[in-house]
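**Student:** Sequence:
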Amino acid sequence: MSWWPFGKPAGLPTLEPAQRIRLQRWQQLPHPPGSTPVSRQRWVVMDSESSGLDLQKDRLLSLAAVGVEHGTLQIDQSFDCRLQQDQASSDANILIHGIGAQEQRQGQPAADALLDFLHFAGRDILVAFHADFDRTLLDRALAHTLGKQPMQWLD
Numbered sequence: 002m003s004w005w006p007f008g009k010p011a012g013l014p015t016l017e018p019a020q021r022i023r024l025q026r027w028q029q030l031p032h033p034p035g036s037t038p039v040s041r042q043r044w045v046v047m048d049s050e051s052s053g054l055d056l057q058k059d060r061l062l063s064l065a066a067v068g069v070e071h072g073t074l075q076i077d078q079s080f081d082c083r084l085q086q087d088q089a090s091s092d093a094n095i096l097i098h099g100i101g102a103q104e105q106r107q108g109q110p111a112a113d114a115l116l117d118f119l120h121f122a123g124r125d126i127l128v129a130f131h132a133d134f135d136r137t138l139l140d141r142a143l144a145h146t147l148g149k150q151p152m153q154w155l156d
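Using the numbering used here, you'd call the opening residue of the sequence shown number 2 and step up by one each time.
Hints are computed from structural coordinates only; laboratory data are not their basis.
Glycine residues also receive a C-beta, built at the ideal position from the N, C-alpha and C atoms.
DEER-style ranges, computed between Cβ atoms:
1) 26 / 93: 34 to 44 Å
2) 15 / 71: 34 to 44 Å
3) 81 / 16: 17 to 27 Å
4) 73 / 48: 12 to 22 Å
5) 46 / 151: 12 to 22 Å
6) 36 / 58: 36 to 46 Å
7) 65 / 103: 17 to 27 Å
8) 144 / 54: 17 to 27 Å
9) 18 / 93: 34 to 44 Å
I would like the entire structure built from these sequences, with the hints used as guidance.
**Tutor:** Below you can see the structure in the form of structure tokens.
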């Protein structure tokens with residue numbers, strides 16, 4: 002413990018300089034104007050996989066998303082990543098999502114994976130089925146890794 006009263010507040014994540022720059026670039030992206038008709042907005046349909054269903058303790062394992070523009074899925078605008086895990090989820094959990102133990106341990110470091118996702122999604126509205134589950138998992142992972150980052154959601 003340091004006696005020095007200044008510096009990084011307790012609980013905030015430590016990022017490498019390049020990661021901090023990427024986060025700042027995302028934070029500076031403009032939000033879509035509120036006057037933009039729904040049919041002209043880009044939407045990001047996303048899904049996640051987790052180590053279980055307990056939103057207080059289970060971990061975000063993967064994120065996948067696809068862009069929607071002019072009411073059409075844009076297959077060339079797709080995103081898929083696995084977040085590196087120190088410990089793989091249970092065998093029963095692996096049977097549900099199909100992300101094996103080795104694949105979990107060899108995923109991307111969380112900060113890099115989450116920054117990649119933020120840049121893919123931009124400031125566009127995230128769409129998910131039972132969005133509260135995905136939102137809670139993503140918000141927890143973001144808060145722990147990059148600090149709290151507000152995003153817009155539609156269920």
